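Engineer: What follows is the residue order along each chain.
2 protein chains.
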Amino acid sequence: MILCDIGNTTYHFLIKGKHKKYFLDEKVPPFDDEVYFVSVNEKASKKLIKKNPHAKNINKLLNFQTSYLGLGIDRALACSFQDNCVIVDAGSAITVDVMEEGNHKGGFILLGLRRFMKSYPKISKKLKFEFEKEINLDKIPLRTKDAIQYAMLKSIILPIKEVSLNKNIIFTGGDGLALSKYFENSTYKKDLIFENMKRIIDANNCIA
Amino acid sequence: MILCDIGNTTYHFLIKGKHKKYFLDEKVPPFDDEVYFVSVNEKASKKLIKKNPHAKNINKLLNFQTSYLGLGIDRALACSFQDNCVIVDAGSAITVDVMEEGNHKGGFILLGLRRFMKSYPKISKKLKFEFEKEINLDKIPLRTKDAIQYAMLKSIILPIKEVSLNKNIIFTGGDGLALSKYFENSTYKKDLIFENMKRIIDANNCIA
Chain A
736 MILCDIGNTT YHFLIKGKHK KYFLDEKVPP FDDEVYFVSV NEKASKKLIK
786 KNPHAKNINK LLNFQTSYLG LGIDRALACS FQDNCVIVDA GSAITVDVME
836 EGNHKGGFIL LGLRRFMKSY PKISKKLKFE FEKEINLDKI PLRTKDAIQY
886 AMLKSIILPI KEVSLNKNII FTGGDGLALS KYFENSTYKK DLIFENMKRI
936 IDANNCIA
Chain B
736 MILCDIGNTT YHFLIKGKHK KYFLDEKVPP FDDEVYFVSV NEKASKKLIK
786 KNPHAKNINK LLNFQTSYLG LGIDRALACS FQDNCVIVDA GSAITVDVME
836 EGNHKGGFIL LGLRRFMKSY PKISKKLKFE FEKEINLDKI PLRTKDAIQY
886 AMLKSIILPI KEVSLNKNII FTGGDGLALS KYFENSTYKK DLIFENMKRI
936 IDANNCIA
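So the protein sequences, as listed, match chains A and B.
Heads up: the first sequence runs through residues 736 to 943, numbered per my numbering.
Heads up: the second sequence runs through residues 736 to 943, numbered per my numbering.
Keep in mind that the hints were calculated from the coordinates and are not lab data.
All of these numbers come straight from a predicted model, not from anything done at the bench.
The C-beta atom is built at its ideal place from N, Cα and C for all residues, glycine as well.
Incorrect hints may have been included.
Calculated from the model, a selection of chain A residues having no Cβ within reach of chain B, i.e. all distances over 12 Å [to be verified]:
id: 1; residue: M736
id: 2; residue: K791
id: 3; residue: N794
id: 4; residue: F843
id: 5; residue: F866
Heads up, simulated BS3-like pairs for lysine-lysine below, C-alpha to C-alpha not over 25 Å straight-line [said to hold, decoys possible]:
id: 6; chain 1: B; residue 1: K778; chain 2: A; residue 2: K840
id: 7; chain 1: A; residue 1: K880; chain 2: B; residue 2: K853
id: 8; chain 1: B; residue 1: K861; chain 2: A; residue 2: K853
id: 9; chain 1: B; residue 1: K857; chain 2: A; residue 2: K756
id: 10; chain 1: B; residue 1: K880; chain 2: A; residue 2: K860
id: 11; chain 1: A; residue 1: K860; chain 2: B; residue 2: K861
id: 12; chain 1: B; residue 1: K896; chain 2: A; residue 2: K896
id: 13; chain 1: A; residue 1: K857; chain 2: B; residue 2: K782
id: 14; chain 1: B; residue 1: K860; chain 2: A; residue 2: K861
id: 15; chain 1: A; residue 1: K857; chain 2: B; residue 2: K756
id: 16; chain 1: B; residue 1: K874; chain 2: A; residue 2: K857
id: 17; chain 1: A; residue 1: K778; chain 2: B; residue 2: K778
id: 18; chain 1: A; residue 1: K861; chain 2: B; residue 2: K861
id: 19; chain 1: A; residue 1: K860; chain 2: B; residue 2: K868
id: 20; chain 1: B; residue 1: K868; chain 2: A; residue 2: K861
id: 21; chain 1: A; residue 1: K782; chain 2: B; residue 2: K860
id: 22; chain 1: B; residue 1: K874; chain 2: A; residue 2: K840
id: 23; chain 1: B; residue 1: K840; chain 2: A; residue 2: K880
id: 24; chain 1: A; residue 1: K781; chain 2: B; residue 2: K782
id: 25; chain 1: B; residue 1: K853; chain 2: A; residue 2: K853
id: 26; chain 1: B; residue 1: K880; chain 2: A; residue 2: K896
id: 27; chain 1: B; residue 1: K778; chain 2: A; residue 2: K863
Listed next, the stretches of chain A that the computed footprint assigns to chain B, with coverage defined by at least 3 CB atoms under 8 Å from CB atoms of chain B [unchecked claim]:
id: 28; segment: 812-823
id: 29; segment: 828-841
id: 30; segment: 844-852
id: 31; segment: 867-880
Excised from the complex, chain A in its bound form (with noise of 0.2 Å):
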């Protein structure tokens, strides 16, 4: 069984196991396997399709329950399962999402890392700067390139803060690991929307 979850800048896979990317104007393989996927791009989906004709969308077989208008598949997924939590995907964006006693509470979308550090240099080139993750983020800083790396990760770690309190935080996506560092309650699950893809299609061939 090969899973494949589709965002807005890669095809991100899970095939025996490993993890494989590629980007969403990259060629995709035909694949020997059966093919499971969920995905908030219907273009990339149609291209994995064309190439993969039994490739099953299990954004359908996902009952997801909330009052918030147009969440992201990637985001049910994430918080399905989920009791009293945080949920945060440090990908391209970063969607912070909030479960109480199994209900979807809201959400919001920061930029994400890369994003961030792409946009500094757009406002003046003085602003380019390389990221280091042991930056020092209880002292107000003293040079121009801290003051830009403090500030991104204050621009990130606060609102996530905020909205946390006391609950766990589960962190994933190709930055989570960098980011719960930066936070004591906190989980990192590498393969959280994998796992729980893997829960659905499960659950739905028992029932078939």
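Given chain A's structure and the hints, the job is docking chain B onto it.
Structural biologist: Relative to the frame of chain A, chain B by itself:
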């Protein structure tokens, strides 16, 4: 006397009490009156001087002490003559500087509102939005449009709140008024930079 603040995006003039802006790639006219300017952009300074050979760069007249390496002249100017407060200059970037007992303690650089707004649609076309100031920041959003605006405002507001504690916050810059409304302990000073330029020019004319 004509004053000019050359930033990363515009020439910002104060001419007989009136504000006039030119983008950096626009033509700057020759003026009849004396021109004093500060600048964070050398190329733009040269262009102004070409049309106004007697324009005076007052960067050197400013004697602002700080341990911050590479503090922009506009930030030093905005912080001048301040005792205990946080100074926020909300333009294409949002600079935040902390003054304590007349000493500059450091600062940081957030993305400007417009840069945030331009950055979201670059992640996905679905994240394009029009900014509404009346968003409820006390409730977790329940639709994508709110989810972006809430996140964007929290990304700007919370780092400023964290660093300001009980200090007064002085806002200036194009988005200063809009942002100041999210803070109780805030003042908006549209002409902070020009007022401080004038104080420095007056002080030096007295000495001369």
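Engineer: Now tell me if each hint is right for this structure.
Structural biologist: Hints, verified against the model:
1. M736: The claim stands: M736(A) keeps its Cβ more than 12 Å from every Cβ of chain B (closest is about 28 Å).
2. K791: holds, 24 Å
3. N794: holds, 16 Å
4. F843: The claim breaks: F843(A) does not keep its Cβ more than 12 Å from every Cβ of chain B (closest is about 4 Å).
5. F866: holds, 14 Å
6. K778(B) x K840(A): violated, 51 Å
7. K880(A) x K853(B): Within the cut-off at roughly 23 Å; holds.
8. K861(B) x K853(A): Within the cut-off at roughly 19 Å; holds.
9. K857(B) x K756(A): holds, 20 Å
10. K880(B) x K860(A): violated, 30 Å
11. K860(A) x K861(B): Between K860(A) and K861(B) the Cα gap is close to 28 Å, so the pair fails against 25 Å, i.e. violated.
12. K896(B) x K896(A): holds, 13 Å
13. K857(A) x K782(B): At roughly 21 Å apart (the allowed maximum being 25 Å), K782(B) and K857(A) satisfy the hint.
14. K860(B) x K861(A): violated, 28 Å
15. K857(A) x K756(B): It holds: about 20 Å lies between the C-alpha atoms, which stays within 25 Å.
16. K874(B) x K857(A): Between K874(B) and K857(A) the Cα gap is close to 32 Å, so the pair fails against 25 Å, i.e. violated.
17. K778(A) x K778(B): It is violated: about 44 Å lies between the C-alpha atoms, which goes past 25 Å.
18. K861(A) x K861(B): Judged against 25 Å, a Cα distance of about 31 Å means the pair is violated.
19. K860(A) x K868(B): violated, 30 Å
20. K868(B) x K861(A): Violated, at roughly 30 Å.
21. K782(A) x K860(B): Within the cut-off at roughly 19 Å; holds.
22. K874(B) x K840(A): Holds. K874(B) to K840(A) sits at ~9 Å (cutoff 25 Å).
23. K840(B) x K880(A): holds, 16 Å
24. K781(A) x K782(B): violated, 52 Å
25. K853(B) x K853(A): holds, 12 Å
26. K880(B) x K896(A): Distance of about 21 Å is within 25 Å: holds.
27. K778(B) x K863(A): holds, 18 Å
28. 812-823: violated (count 0)
29. 828-841: holds (count 5)
30. 844-852: holds (count 6)
31. 867-880: holds (count 6)
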